[in-house]
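**Q** Letter by letter, the chains look like this.
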Amino acid sequence: MSAFAPDCLMQLYDRRYELEDYQGGVPRWCTGCGDNAILTAVQRLCRDEGLKPEKTVFVSGIGCSSRFPHYMKAYGFHGIHGRALPVAEGIRMARDDLDIFVSTGDGDCCSIGAAHWVHAVRYNMDMTVLLHDNQIYGLTKKQASPTSPRGTKSNTTPRGTWLEAMNPLTVTLGIQNVSFVAQAVDWIPEVLYEIVKAAYHHKGFSFVRILQRCPEWLPNLWDPFVQDPRRTMLLTHEHGLSLSEGLARVYTNRVAHDPADLDAARRVASGTDPIPVGILYRNPDVPCYEDLRRSPKLRTPDYIRAGFEAELDKFTIWPQGAEPRRPAS
Amino acid sequence: MHSELRAQLAFRFTGLRSQAQSSLADPRALRPALTARHRNLAALRYDYPVVLPYDPAAGGFALTLTAMVDRALGEKAEPSVCKAALRVEREIRTLLAQGASHSLFGLWELAVNRLVVRGDETLPAAVAAVRKGLGPDGEVVDCDATLPRAFVLQAWKAVQKGKAERFHDEARRLIVRLGEILLADDARSGAARSPERLRESVGSAHRDVFDFEAMSGLLGRGAPKRPLTEARRRRIKLLIVALESQRFFLDESGYAFVFDRCAPALRAFRARQARLRSLARNLAMARLEVDGEYDESRHDALFQQIRQAPLSAEELARFPDYLVCLRDGDLDAQGRGELTEALCCGMPVKVLVQSDDIVEEAIVGEGLAAIAARADAVAGEAIGLGTVFVLQASASSLPRLAERVREALAYPGPALVSVFSGASGDSCCLPPYLNAAAATESRAFPTFVYDPRKRLGEGAFCLDGNPQPEADWPLHGFDYEDADLQRVAEELAFTAVDFAAADERFSTHFLDSRAGNVKAASVAEWLEATEHDASASPMVPMVDQAGTLHHLIIDETVVSLAERALARWRRLQRLAAVGVTVKAEAAPPAEAPAAPAVTTAPIPAVAPPPEAKAPASDDPYIETPRCTTCNECTQINNRMFAYDANKQAYLADVAAGTYRQLVEAAESCQVSIIHPGKPKNADEPGLEELLERAQPFA
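Chains as they are written, first to last, in the numbering used here: chain A, 8 to 336; chain B, 4 to 701.
Any given hint could turn out to be false.
Under the rule of at most 27 Å between Cα atoms (straight-line distance), these lysine-lysine pairs were calculated in the DSS-like manner [unchecked claim]:
1. B/LYS135 x B/LYS79
2. B/LYS135 x A/LYS80
3. A/LYS59 x B/LYS228
4. B/LYS79 x A/LYS304
5. A/LYS160 x A/LYS148
6. A/LYS304 x A/LYS62
7. A/LYS160 x A/LYS149
8. B/LYS240 x A/LYS304
9. B/LYS228 x A/LYS304
10. B/LYS160 x A/LYS304
11. B/LYS164 x A/LYS62
12. A/LYS160 x A/LYS59
13. A/LYS62 x B/LYS240
No lab work stands behind these hints: they were computed from the structure.
Let the hints inform the model, and build the full structure from the sequences given.
**A** See below:
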């Protein structure tokens, strides 16, 4: 045995995790809610990747989706409305060793959190962002959200929404420095898992829009798509999604799409029927903000104090004849 | 004439001269023909002198003056500036040849001043910009007896500096993180939450605003109940002290790592073993502590066990290497034994063996000469150990082999660097640089690199630093004027005979063929031929100081020297697979694309639900892989429906519920993957209606 033995030897733990190791509280989502499928997919990912719970953090804002951190046995931050992304970015800058997941909803991200969303895409910090898009404000009992289809009747739009729904995919693909965009649906768990896994492995801001059911407020919204597999268009590619045989038999509407092609991604993203499902865009070469800003200097307390003193010295008025202190090196 | 011919042939076979034949008048006046144009090295631009920067990290550990001046001139310098800069460069070479010893900037100033004194007053202004662009200042070293040690020592320092930086980076980070663990624990302690400490932390401006007693009470209620254990706190403090007080990576007050003999290096290494293991252990423990992975119940015993365990070569490579600089005169029997022990005992040692004179008495003695036999034996032994990186080169080649030298010194294991300095003293008519270059050219001291990490035939043995490595001898064009004043162009091979001819100790083995009776043959052709013309003799072309070409007959002693040099060279060629056709291996398969592999296989193996096999049409089943974990079915009956290891539903116990529950579950299922089949209990009420409802899910 050597002193520099690899970590796997030095830790000497039996580090195989089960799904239950990541189960926090019992979910209080409605029966049939698509959030359950997303939770299962993420827990499977954590298990299969062997993510250490103490090195994993889930950040959320407000909404049904944002209950997510409570149901994961890892670190979590259930923040305020629309502010999941800035909190997650702060965590990334401070703790480069953590795996960060963000659970946000169509209201939390695309409405009140829209400004943070735009710049978070631009900063391209390494995190996996799951947009739980049920196209309604569910927690507050049925108000229209930016992604509600035109004509959706809700408490705030009793005559139906007037505007075309926002498309989070085309918005994200239009932002500078976008590096990973994908769309999944909660009723195909195999594909959902593979997309979340690909998003996790991408180094950068991974944006996954997950179309999910809300059995309480929009119980039949996705029925036509669930019942007719042809209305789901799976995007396949050697660098994207590959299907199992069973899935390929059911979902015959498949299109080869190269995730490296941004223009093609934008075209595909515009489609709503059939729903494009898969990895729309992936670019591993976009630099991450935290890497660009990483300082080679070790930020010891003395170093920080010296820098602070040097800044204050710039405004210090010295008594006549007094030697000014040298600036920090 | 016939007698002259016989006398010359007799000399060739026996080395004996007749009374009429004289020895070479002044052996040192003759030099190999191919070196004739290089009498004044100061006037030439070549790889010397070399500048060894004081800061090795700034652009390389060894830079040639030529390259530095060229870089300073750039591509767009004015012709007058180029000319002025080259004059200064030449003057620097002249100064060095006269024995000057300064830094680069010092020599530059000195050279400029001398040229100004000779009348070129515009020179300083002309070369001011070049001076600024020269690059880092450093020690200037010419090709002489001090060069090999200075060069290798500089390379060693550059490598050790890199190791020290990496170590200090990590150690500082670990010390800071360990300190933060202690600070965080202090901050959460009761003492830190006392009203007095809280008052101090707020600052004077707002001290009256807060009720610190209440604040302390509030914070105390929320404080974590598990502070650091005393054992952990003590361990962390000891780790900090250990990392701060290590002596392996200090410049002056630390351990010394440069020695002139192997024995003291070995003693030092052995004496420091315990401390080295302790430092390695402390680093590993600190990493675990910082990551929160240290488990006393397991790691305490582990680190006790490895207290005495030796460190591997990779682990030792993180720490400074020992550099031993030897001269070949140090390699008597005891010296050779110490060298072998140092190379094979696991010590992280880099050994320089410097040879100043490679003309030796052969092993068999009796006055027979050998060339580089000792160096050959030392290198061969090192290669035979199988774990030693070996680099052999003449000093003339070192600037171009700088990266290979660095590679040798960065190799994570023992390395041997064998260098012929060329400074053979007065016996050689050539200056050290040319003597060293001649040794390489003539295959007397060929350049090679042996990397034990690779396999033979796959780059382990490399002859790249030699001219024309695929040939027996390098061929060079040689033009001269014959007796009829006609220009003659020939291709001459530079052989081991040329090297010997430049050394006056071999002068008795050469005879000037003034009478021109013997038929001339080139040495290369002579060695290649299996049969020889009895009236012919191998000859070597030499040039005297007046530029007159002479052809010298060589005797069998020198021919044997050349044969042995050629045989050794051919062995090296075979080792390096030079000129050997190697059957091309199949190209390795293309690497998988960088994107994470998305499976095409079915869902990863989980505990298969009982319905995994193809169900009979009347049996109920669930398409488990398509389950979205929506809880609809488990809410209806969580004994009939259960979740597997992937939290996807399967039929755990059909008998635990009714057919009605199966149908209701099928109707509730969001993705319609539940298939009720046919009822098992014919007495269940409402079956007719249930069967109709189950129809869409068949």
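**Q** Failing hints, ascending?
**A** Numbers 2, 4, 9, 11, 12, in rising order.
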